[in-house]
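Participant: Sequence:
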Amino acid sequence: MNNQRIAEVFDDIAGLLEIKGEKVFTVRAYQRAARTISRLPTELETMLSDGEDLRQIPGIGKAISDKIGELVDTNRMRFYDNLKSEFPDGMLDLLSVPGLGPKTISRVWKELGVTSVVELEQAASDGRLASLPRLGQKTADNILRSIQFARTQDQRTPIADALPAAERLVAALLERNTAILALAPAGSLRRFEETIGDLDLVCATHDAESVLADFVALPGVAEVLGHGGTKASVLLDDGLQVDFRAVPPRQYGSLIQYFTGSKQHNILLREHANRLGLSLNEYGISDAKTGELEEFDDEESLYRRLGLQYVPPELRMGESEVVLAREGAIPALVQVGDLRGDLHVHTDWSDGRDPIEVMVVAARECGHEYVAITDHSAGLGVANGLSPGRLASHNARLKEVERDAGGIAVLRGSEVDIRADGSMDYPDCALAELDWVVASVHSAMNQQPDVMTERIVSAIRNPHVTAIGHLTTRLIGRRQPIEADFDTIFRAAADTGTVLEINASLERLDLKDVHVRRARELGVTFVIDSDAHTAEHLDNLRFGAAVARRGWCRAEDVLNTLPAYELLALLRLPKPERAGALRARR
DNA sequence: GCCGTTTTCGGCCCGACTGTTTTCAGTCG
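Using this note's numbering, the letters of the first sequence correspond one by one to residues 1 to 586.
No wet-lab data here; the hints were simulated from the structure. Treat the hints with care, since some could be wrong.
To be verified - Calculated lysine to aspartate or glutamate pairs in the DMTMM-like style (CA-CA distance at most 20 Å, straight line):
#	residue 1	residue 2
1	Lys84	Glu70
2	Lys23	Asp12
3	Lys103	Glu209
Construct the complete structure from the given sequences, taking the supplied hints into account.
Facilitator: Now the structure itself:
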C-alpha cells in the first residue's frame, strides 16, 4: 500500500472521528499524520521493511505507527473498518461542502437521516434543514449555494495558471493606483506550492479605500464576493478566487507573514511565541501580560523578535523549519541569481520554435555564461528528433554559433531518450561527441516500479550521461509521475556523479520539492534547467530555483551555479572523478 | 493522539465572520 493511499485512510479516520464528536486534538493528530505521510519522500512500506522506526517521524507516535504497520502488513486496519461501519457510506463527502462542518453533519444525519450530498441538497431545498433548531433559512440557502458551486469548481489551480494570473493582476493594479506602497502575492503561491486554492494578495497603503475600489474594478473580475474597508474578494472569469487585503505599511510585515502561512507553520510559530510569553496574530506580537502590541513593517524583524532566523516562504510548511530556525540551522538557499547558465534548451532543429542562434543570443541576454542546446534524439519521432547524421550537423552548427555569439559558451548537447529497456537512443560513439547529455524517459511510462528503476539506473550508469531530465515525467494536474524506487535512483546518481535535473517548466516542476530534499540528503547534485522551447521560456529558471529552495538546496548543491570555466573543466573529467569532485564541493 | 526550553501529564494558535441568538457555537483560513 503506497503512502498516498495510507494518507487517505488517515484523512478518512480524521473526518469520521470529527463527525463522531471525538476530541479535536485527536482529530488534528490524525490530520497531521495524513499530511506528513503524503509528503514523505520514501514509501512507508520500504521504511518498515528496512526496519526503520516510524516514531522518528514528527507527528507519528505509537498508536499511529502501529496502525500503519497493520495497514502495510495486512492491507486492512481494524480500527478504520470498525469506525467506517458506524456510518453510512457517503458521509465523508459531506465534509467537503463549504460551510458545513462536523457538528452540523452529525445533526442532519441523526435528525433528518441525511447521509449524502444529494440528500443534503434535497433537505436544504424543501425546508427541512431550515426547520432544525439553531439553523435557519439563510444557513440552508448558503449550503445549497455551496453544494452547487462545489460541483463546478472543486479543483485547485495548477501554479502554471495561477502565477501568470497573479502577475497580471499585480501589474494592472500598480498601473492604476499610485497609492500602493507594496503589493505581493501571499499564500500558497508565495510558498510556491504546485497547486493553489485561492490567490491571496496583500498590499501596503495609506489609502485602502481607493486601492480596494480599483481592485474590484480590474479587468477579468467576473464577480465581487465581498468589498469592505480593508479587504475584498472577487471571482475571476476563469473561476479563480482572489482575496485582497490592504493595511498601513507599519503592519505590512505581520500581514504578509500571516497570509503567507502555511497554516501549520503559523501554528508552530505561535506555539513558539507562547513559550516566550508572547502572542502572535496578523497585526503584530503582543506581550501576554501587558497586552501591548508591537507592529512589524517587514517579516525579517518579526522573525528576529521571536528569536528566530528568517524562514524563507518556500520552507514554511510547518515541518522542521521552526525548530531549525531557533537553532540557526536554516541554510542559505540557492537563488535564481546564483544560476550562471541553462543546460536544457530546445530549438527548431527538433520541437523548439526558435533557431539556435536566437536561443543562444537570448541566453546571453539573460546573463548566462553558458547554454547547452539539447534537441531531442531520433526516438522521439513526434518531436522531430535528430538522427545520428543530423546530430553531427547540429554539433557543427553549434560550434559556428558559439564563434559568433560574443563570449557565451555553447555546449553541444542532446536530450536523449532512455528506451524502455534502459539503453540509450544514440550509440556510445555519438554520445562521446557531446559535451552534455540529458537522458530522459518519454515513453513506456507505466512500467512496473522495479523495471522502471532498473531502466533509469542503467542510464545513470552510462559513462556519457551527464544528467537525468524530468525524472518522474509527471505533468501537474494532467499526468501521474512514474512509479519507481527513488532512493535507489538517488543513490546511484550520487554514486556515479550523474546530476538530476530540476526541470523548471511550470507544467512539470520535476523533480518535485520532497524528492529534491530527499535526494540532497543522499548526496545528489542538481541542475536547474528551463527546458525552453522558445526564447521566452528561458525565464522559467526562476521557477526551478523556487523548487530547489523548497527542497532545501544551497548554491553548492546546484551544478549550474558554477562559473563556465569550472563547469567545463568538471565535464571533461571522467564520471568517477567528477563524482568525487561533486562530493568535495558540498 | 502527540509530545517535552514549564510539562511523561496536561496542554495543544488565533481571530474573523456568520447566523442564530440575547451571549455564543460553528466554520474557516
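Participant: Now tell me if each hint is right for this structure.
Facilitator: Now the hints, each set against the structure:
no. : hint               : verdict
1   : Lys84 with Glu70   : holds, 17 Å
2   : Lys23 with Asp12   : holds, 16 Å
3   : Lys103 with Glu209 : violated, 38 Å
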